[in-house]
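*Asks:* Here is what each chain is made of, one letter per residue.
Number of protein chains: 2
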Amino acid sequence: MTWLDLPPDTGFGLDNLPYGIFSTPGTSARTGVRVGDAVLDLTGISGDDVHATGTLNAFMARGPGAWAELRADLIRWLTEDAHRGTVERHLHRLDDVSLHLPIEVADYVDFYSSEQHAENVGRIFRPGSDPLPPNWKHLPIGYHGRAGTVAVSGTPVHRPQGQRKGPDDAAPVFGPSTRLDIEAELGFVVGAPSARPVPVGAFAEHVFGVCLLNDWSARDLQAWEYVPLGPFLGKSFLTSISPWVVPLAALEAARVSPPPRDPRPLPYLSDDGPWGLDITLDVRLNGQTVSRPPAAGLYWTAAQQLAHLTVNGATLRTGDLYGSGTVSGSEPDQRGSLLELSWGGTEPLRLADGSTRTFLEDGDEATITATAPGADGGRICFGEVTGTVLAARQDVSPSRGSGPGRS
Amino acid sequence: MTWLDLPPDTGFGLDNLPYGIFSTPGTSARTGVRVGDAVLDLTGISGDDVHATGTLNAFMARGPGAWAELRADLIRWLTEDAHRGTVERHLHRLDDVSLHLPIEVADYVDFYSSEQHAENVGRIFRPGSDPLPPNWKHLPIGYHGRAGTVAVSGTPVHRPQGQRKGPDDAAPVFGPSTRLDIEAELGFVVGAPSARPVPVGAFAEHVFGVCLLNDWSARDLQAWEYVPLGPFLGKSFLTSISPWVVPLAALEAARVSPPPRDPRPLPYLSDDGPWGLDITLDVRLNGQTVSRPPAAGLYWTAAQQLAHLTVNGATLRTGDLYGSGTVSGSEPDQRGSLLELSWGGTEPLRLADGSTRTFLEDGDEATITATAPGADGGRICFGEVTGTVLAARQDVSPSRGSGPGRS
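For the protein sequence lines, the chains are A and B, in the order given.
In short: position in the first sequence from 1, add 33, done, that's the numbering used here.
In short: position in the second sequence from 1, add 33, done, that's the numbering used here.
Any given hint could be a false lead.
All copies of an identical chain are treated as equivalent in the list; a pair is satisfied when it fits inside any one copy or across any two copies.
Unchecked claim - Derived EDC-like pairs: lysine to aspartate or glutamate, alpha-carbon spacing no greater than 20 Å straight-line: (1) Lys198 with Asp128; (2) Lys170 with Glu102; (3) Lys198 with Asp295; (4) Lys170 with Asp305; (5) Lys170 with Asp202; (6) Lys198 with Glu285; (7) Lys170 with Asp295; (8) Lys170 with Asp201; (9) Lys170 with Glu152; (10) Lys170 with Asp38; (11) Lys198 with Asp163; (12) Lys170 with Asp114; (13) Lys198 with Asp315; (14) Lys198 with Asp114; (15) Lys170 with Glu148.
Derived from the structure by calculation, the hints contain no laboratory data.
Please read all numbers here as calculations on a predicted model, not as lab measurements.
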């Protein structure tokens with residue numbers, strides 16, 4: 034039992050203890066652990082310089098033994114009265130700190146592992162044909178995204194500009210995206226590197242923890258560009274993650290069996306343990322919940338995704354980040370994107386203020402939170418990933434140019 | 034005129050001066066400049082610690098003013114007799130040094146900008162339909178690759194394993210790729226970062242230089258996985274680059290007008306200057322030249338690629354690397370991949386030793402070199418990117434697994 038005075042049902046109790054990077058005015062960014070509505074300064078309490086680097090990478094690179102050891106220390110510090118005085122000197126009120134990008138992202142990969150999401154997208158984009166591509170149930174489809182534009186929650190999203198071409202347009206036009214969207218996902222953070230393929234059963238030896246991820250998407254740019262090499266500018270302008278990385282050890286009570294797979298996956302993808310995760314996301318638009326996507330239903334688990342990602346010999350680095358893919362459930366109010374919630378823009382959402390939305394408008398704020406079962410009937414919270422849409426920047430306009438082109 | 038005794042037609046004269054990272058036995062990796070068959074140690078001659086970091090990134094981040102200044106210094110040091118004694122103390126014979134990955138790669142993007150290559154691939158994969166997708170002449174198609182598996186020339190390529198499914202197979206099978214290929218490309222290295230879109234005309238303010246790039250590709254893995262989100266495991270196991278980065282300033286004499294573009298690109302892609310590059314690649318298989326792809330014919334220039342990559346607001350970091358896409362010319366002996374050279378495996382190449390090749394066999398060595406016009410009728414060489422194929426690793430085998438799967 035902790036001596037801390039934690040808010041009831043905090044979601045940030047001793048069964049959680051997520052890691053983040055914080056600063057207070059005039060101090061440099063360092064590692065902290067959230068407990069209740071406070072942040073414990075690990076540089077102060079541990080005296081270990083690994084927590085003073087401004088990202089979690091150096092600590093994550095130490096591997097699962099070090100992760101377990103620090104977690105045990107944290108629980109001892111927060112439960113034994115002998116440590117109370119010391120710990121209290123290193124606690125900051127959450128309201129007093131700024132939160133930063135928790136990891137230095139090495140490579141960023143995004144998967145596509147919700148069957149309901151993939152089916153919805155297939156029905157919307159390719160009506161009349163099989164909604165799932167033939168490979169979908171044989172492998173976790175994924176692709177690399179832009180690591181350099183992964184940013185922490187709160188970073189505003191400037192409406193991206195680019196080319197789009199409607200089905201009836203003679204030629205593409207350039208301008209701000211008119212179909213700016215969110216994708217509600219889980220993000221998995223690789224801590225321990227690997228030079229070798231990581232079998233499904235070795236998942237927890239390499240993945241440090243889980244955050245929330247919003248893979249902002251410009252559907253009109255994406256639709257025009259993505260054949261044949263996949264999404265590029267429709268995604269690369271910004272990907273937002275929550276500031277707290279929930280350690281895998283905090284999610285033991287959330288582990289569930291994934292849905293049955295048919296056909297049976299190839300042996301390298303067979304399940305060594307139930308790495309389905311009973312995490313329920315909550316998607317809010319301007320403060321109003323519009324969806325509650327259930328991650329427990331994801332067809333491919335994060336353990337299978339990692340096994341697939343590395344089976345060809347691709348190495349892992351500390352700081353590699355991969356997204357689950359948009360989480361959508363089978364119910365209309367469990368869909369993880371506006372593309373699905375408005376069914377390709379044909380069924381506008383009605384908000385509490387009387388307005389309607391198909392895609393995001395300038396000024397809109399999109400927020401994703403999530404909860405999971407914790408130890409002893411408690412719950413684990415993930416904090417939030419949020420962002421507000423700003424108008425397109427005026428750096429590039431259709432009229433900019435240099436007189437007559439050479440071509 | 035240099036006081037150095039340079040080999041005739043060296044390709045590494047004072048009009049080139051490419052940068053790389055080298056070490057000698059027992060010393061740490063540092064920045065060097067290749068001149069003839071020697072390497073000038075920049076830490077020694079300049080006394081600037083920026084060259085002792087083991088990558089070019091810190092120097093590249095200083096921007097084009099610093100690049101021009103050092104280039105002017107180098108030419109002065111290598112031409113004025115007063116510096117001869119000092120310089121000679123910091124020269125190493127090329128044979129005495131090890132060469133390392135020259136840059137810390139931030140994000141890696143691969144384009145698809147050779148019309149001949151894209152047409153060949155379209156004809157091979159989708160016979161009977163339009164070989165170019167509808168977007169191809171409107172934008173430089175690209176996608177993100179894996180930065181963490183970019184390696185320096187000489188790194189062996191383990192034959193990747195993965196899923197493949199032939200058109201007549203009932204289900205995918207797992208095993209070593211049977212269609213391992215090369216892609217002969219130019220690599221462009223971003224030096225100066227940017228938080229804003231980079232117009233075509235600002236290319237040289239951000240791109241530091243050019244290297245050679247082999248985008249090793251497993252065609253069977255790629256064919257099965259790439260719809261709808263693009264190539265992933267078919268590419269992510271290894272991308273090799275040459276150890277020398279030729280500064281953009283060395284390529285002034287190689288600049289040519291790109292091919293005419295029809296339809297005329299949107300204004301943000303209109304050409305501000307002729308950034309076509311008259312660089313001729315040479316592809317050797319086990320020492321025998323099998324192709325000479327001409328980069329001058331690329332439909333989209335590297336300046337247009339960079340403008341496209343950033344137009345949506347995607348930021349640039351020092352160390353960002355992007356590939357031109359496979360370079361293929363209009364002649365059969367100008368094709369930059371075995372996929373094209375063997376026309377999808379249907380027309381095997383005959384090698385000088387009497388053997389034939391469709392795709393790479395274990396033990397094969399693939400090497401790409403390149404030359405461009407230099408100042409005063411000379412020529413610029415790029416060194417080489419080479420690699421030998423090793424048998425698939427036995428980390429993962431189809432029979433590995435964990436007994437009956439849960440699914």
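*Asks:* Would you mind marking each hint as holding or not holding in the structure?
*Replies:* Hints versus structure:
1. Lys198 with Asp128: Classified as neither: same-chain Cα gap 45 Å, cross-chain 55 Å, threshold 20 Å.
2. Lys170 with Glu102: neither (39 Å within a copy, 56 Å between copies)
3. Lys198 with Asp295: between (37 Å within a copy, 17 Å between copies)
4. Lys170 with Asp305: Classified as within: same-chain Cα gap 18 Å, cross-chain 47 Å, threshold 20 Å.
5. Lys170 with Asp202: between (35 Å within a copy, 16 Å between copies)
6. Lys198 with Glu285: neither (47 Å within a copy, 37 Å between copies)
7. Lys170 with Asp295: within (7 Å within a copy, 41 Å between copies)
8. Lys170 with Asp201: between (33 Å within a copy, 18 Å between copies)
9. Lys170 with Glu152: For Lys170 and Glu152, only the intra-copy Cα distance (12 Å) is at most 20 Å; the inter-copy one is 31 Å.
10. Lys170 with Asp38: Neither. Shortest intra-copy (48 Å) and inter-copy (63 Å) distances fail the 20 Å Cα cut-off.
11. Lys198 with Asp163: between (24 Å within a copy, 19 Å between copies)
12. Lys170 with Asp114: neither (53 Å within a copy, 70 Å between copies)
13. Lys198 with Asp315: Classified as neither; 32 Å inside a copy, 38 Å across copies.
14. Lys198 with Asp114: For Lys198 and Asp114, neither the intra-copy (65 Å) nor the inter-copy (62 Å) Cα distance is at most 20 Å.
15. Lys170 with Glu148: So Lys170 and Glu148 pass the 20 Å test inside one copy only (9 Å; across, 34 Å).
Hint compliance for this structure: hints 1, 2, 6, 10, 12, 13, 14 are broken, all remaining hints hold.
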